[in-house]
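Residue numbers (the numbering used here), protein chains in the order written: chain A, 1 to 419; chain B, 1001 to 1319; chain C, 2001 to 2287.
Just so you know, the hints here were simulated from the structure itself, not pulled from any lab data. Don't take every hint at face value.
Mimicking EDC-like on lysine to aspartate or glutamate, the simulated pairs with C-alpha atoms at most 20 Å apart in a straight line are [as the list claims (entries may be wrong)]:
| # | chain 1 | residue 1 | chain 2 | residue 2 |
| --- | --- | --- | --- | --- |
| 1 | A | Lys114 | B | Asp1024 |
| 2 | A | Lys241 | C | Glu2258 |
| 3 | A | Lys136 | B | Asp1024 |
| 4 | A | Lys136 | B | Asp1149 |
| 5 | A | Lys205 | B | Asp1130 |
| 6 | A | Lys417 | A | Asp244 |
| 7 | A | Lys239 | C | Glu2258 |
| 8 | A | Lys136 | A | Glu113 |
| 9 | A | Lys181 | A | Glu209 |
| 10 | A | Lys417 | A | Glu287 |
| 11 | C | Lys2286 | B | Glu1192 |
Over 12 Å on every C-beta distance to chain C, these chain B residues come out as not near it, computed from the model [stated by the list, open to error]:
| # | residue |
| --- | --- |
| 12 | Thr1002 |
| 13 | Arg1004 |
| 14 | Ile1006 |
| 15 | Ser1025 |
| 16 | Pro1086 |
| 17 | Thr1128 |
| 18 | Phe1152 |
| 19 | Tyr1160 |
| 20 | Arg1178 |
| 21 | Ala1187 |
| 22 | Ala1194 |
| 23 | Ala1195 |
Just so it is clear, CB atoms sit at the ideal spot from N, CA and C, and this is done for glycine as well.
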Amino acid sequence: MVKVSRRTAAAGAALLAFGLAGSAFAQSTVKIGAVYPLSGNAASAGNYEKMAIELAAEVVNNGNAELARMLPFISPTGGLPGLKGAKVQVVVADNQGAPAAGANQTLRLITQEKVAAVIGAYQSGITETTSAIAEKYGIPFVNPESVAANLTERGFKWFFRVTPVAADFAKAYSAFLREQKAAGKKVDSIAIIHENTEYGNSVAKVIAEVFKTDGLNVTQNISYSANSTDVQPQVLQLKEKNPDVAIFISYTSDAILYTKTMKEQNWKPQILIADDAGFNDPKYIKEMGSQVEGLISRTSFAAGKPGSVAAIFDALYKKKTNGDGLEDVSGRGLQGMLVLLDAINRAGSTDPAKIQAALKATDLKQEQMVAGYKGVKFDAKGQNILASSIVTQMRGGQYAPVWPKANATADLVLPYKGW
Amino acid sequence: MTGRRILHLLLIAVVLVYPLIAADSPVYGRLGALVLLGAISASAWNIVGGYAGQVSIGHAVFFGIGAYASVTSFVHLDLPPIAGAPIGMLLSVLVAAAIGVPTLRLSGHYFSMATIAVGELVRVLSSTSDFLGGAQGLGGPAMPRTMFDLSFVSATPYYYIFLAVLVALLGLTHWIERSRMGFYLRAIKDSERAARSLGVSSGRYKLYAFMLSAAFTSLAGSLYLCMFGFIDPESGFGILISVKMVVMAALGGAGQLFGPLVGALILVPLEELSNSYLGGQGAGLTFVVYGAIIVIIARFLPSGLLSLLERRKVVRRAD
Amino acid sequence: MSMTLVQVVVSGLLLGAIYALFSSGLTLIWGMMNVVNFAHGDFVMLGMYTAVVVWTALGGGPWASVPIAAIAIASLGIASYFLLVRHIMRGPMLAQILGTFGLALFLRYSAFNVFGANFRTLPDTLVGHSFVLGGIRFEGARVLAGAVGLIVTLALHFMLTRTAIGSRMLAVSEDATAAQLMGIRPQRMQALAWGLAGAATGIAGALIATFFYTSPTVGETLAIVAFVTVSFGGFGSVLGALVAGLIIGVVESVSAFEIGPVYKDVVVYVLFVLVLWFRPQGLMGKT
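When you get a sec, could you build the whole thing from the sequences and use the hints?
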């Protein structure tokens, strides 16, 4: 029965020798802590981010010849080139959607797991407490997605935020709408409908401010609770006033309810905009996408042309998740992780201070992006000054970039069609 | 008898030197402080929930008031957060009176449900207040300015501060337990009608217990803010904050001096460790284990873990 | 009254009937044995997932999922009674909170483990589209849920007040020892109550899933509504829950429309506390 061919035996021996040699050479693995909401109400988003961040580590560890040509921290054969082929290990922790749990877990990652850097933590409030722990211990903290303005105003030295903030989204919407107005579309009355936790409130507030200075007329501002059992009254309010433009800032649960209720009550505005988040949840797109044809959304991710960094990662992510493509949340998470990996690779070390210095010197170009940013470069406060947004439109159950023109792969079609 | 005394001294010694034992591990050092913080709020709840038998599921109102009093002292008055603690306690006492007068006349579950409603009411209102930072919440000093900001890297100072507060609270509770008020509260808990017929002004004593309980719950909130440096409506006024106090006290043994502490000793490490070991998988196992253990304890020891000791005591006396 | 306001009120009434539907199981248990089931919202959630599973596995709509969910959640109720509730009833009232809160977390995250964190929805063609009647729009799935809500709560009410088994159950809830002397087996009656409550809750979940989203944490949202509805109406009064549900539904809808959705909860909670101030036993509860 035991019949080992000479060739396989030889290959085995070679592998063994290679393995031994490899382990003798290899740098100790680079540990990176990731703190995300893996239970509680935001668990859906947290799990997508987790997979995206793990994907980045897998690609670095296994190597990818195509990506290696565009990204210096990826080698064709695997491992971080700047650290003699060291592997990356992601230690994931659950912040349970609670600022306290996030802080406790970050402390564990830093002091017990001895991670070289931390990435996290989705909700702005949790990013606030987790990054405070990293700051106290002098460990770099990369934040791929929290939008609260004050996070970069705390004078932290170890905090780096890759995402655009609410003011950037607001400017994008404003520019987009003013362009539509110039093209003769009716944008005289605008309704902002937002959920009333930190995300919805902060984004809605900034949009209202920016629109006011830009001369766009916000006629309705509706704030509601994301875990509402019913949204019919709000939809009826909208139906009665019938604004030209409606902007939704919603999580997934409420995005589903609004979509269903707008159809039930048979109301649609000329232009329907949904700020990312719930309306970009892969499950939402899959199950509700056909009901919102022509919906305009903001994203930081667009797959772009075949062969681009974004397209390659999108394909790899689809393989990992059995079909769910990258979207805004996972795209930004992945981008944050790539920024961190790039810095560690350039630092050539797991020393926190060297990684911090490398992060400060980050200079990634647009063609190296997974997210649709113009690049990554941090200012003195740790904010990425090249972060930007793309406007997309729902077409046959999928979002396609339509604005700005440079990123567009499809033409904008108005008015909103719906179901 | 001497054996028991040695055991007690040993326990006290362990509590006093715990930070030294855990000196090598910031995680375990912090865990000690977290247990004490949980024990403070659960012990505060115990005064009205355990001794007076009025099961409030809205104590997060006071926890949140304490935390927000501290953070607003910093944000709006530029004081160290702990300066807000007495303001929070005072405010909580007043709010407790305002809530207590209409709700404490309700019996049993109606009182519990009314306190849930009040808690949710306060949570929703707090998220619409710009003064309180709205839904986004408010942060304490990002960088400690002076020692009075109580912002430390090590958990050891927190441990001893929390220990001092807990000892004071338990001392006070012990004193009440043996005072006339303790006697009245027990009478009210056993049968309110009987207590009233004996001439005990049940409404007044329930209200006292509620106000006292509120003051210390508020202090726990202020201490939480000093340690974590951030508060938002959900982590201040959320229903889970209230429920955790109830569960901790009930698990150890409500209406007993050390019940909440025992509950905190079990639940806080269980929560932290199960999250540390199982949370990263993102499969929800943390709470499957956490929930199952609570169910098992409730199933076999419905009166709390301390009832184990009681049983032994009874057996011993019977001998 | 403008047409839109009529629509708001009608939507509120329909919503209220649905609130009554998923609260009736809770009030039954509460009234019969003075036990609050903190896992109630998670029972509803499991009913909802039953509908999702029936749809994805069998392609079946509510005609298949409602009876399956009723049986599944009734079994869960009876199992909870024998394995847990029966024992914690011997302890203080706090033991109920402890035990059923633990059960809630256990069920919620077991569902999380099996189904994942994602939000699921059922296609809205399962029940039928919306229709217009007298200028008012109705959605098929909500009308079905509301109608079944009325039927189930009224059926439970009549069963408790007009049938022999109902009076036996009430006898146990009044005085278990006396009932036992009369030859009624209290445990059997209590288990029956948990089974009935579970069935009603399962039906509620399966119907709500046809127009709502389903996620492991959805029960949390629904539980608070159910608690308020039940104590508003008075513990144990199924009819009270129905009336309270309708009032809350309309008050919520109208205040969300007139004042703003953030404040609708404020209005409901204030109203609730006021009702208890004047009627400490709820609208239709026994003193």
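Now for the hints, and whether the structure bears them out:
no., hint, in the structure
1, Lys114/A with Asp1024/B, "holds (13 Å)"
2, Lys241/A with Glu2258/C, "holds (13 Å)"
3, Lys136/A with Asp1024/B, "holds (17 Å)"
4, Lys136/A with Asp1149/B, "holds (14 Å)"
5, Lys205/A with Asp1130/B, "holds (12 Å)"
6, Lys417/A with Asp244/A, "holds (13 Å)"
7, Lys239/A with Glu2258/C, "holds (14 Å)"
8, Lys136/A with Glu113/A, "holds (17 Å)"
9, Lys181/A with Glu209/A, "holds (19 Å)"
10, Lys417/A with Glu287/A, "holds (17 Å)"
11, Lys2286/C with Glu1192/B, "holds (18 Å)"
12, Thr1002, "holds (34 Å)"
13, Arg1004, "holds (27 Å)"
14, Ile1006, "holds (33 Å)"
15, Ser1025, "holds (28 Å)"
16, Pro1086, "holds (29 Å)"
17, Thr1128, "violated (6 Å)"
18, Phe1152, "holds (32 Å)"
19, Tyr1160, "holds (31 Å)"
20, Arg1178, "holds (22 Å)"
21, Ala1187, "holds (16 Å)"
22, Ala1194, "holds (17 Å)"
23, Ala1195, "holds (17 Å)"
Checked against the numbered hints above, the structure violates only hint 17.
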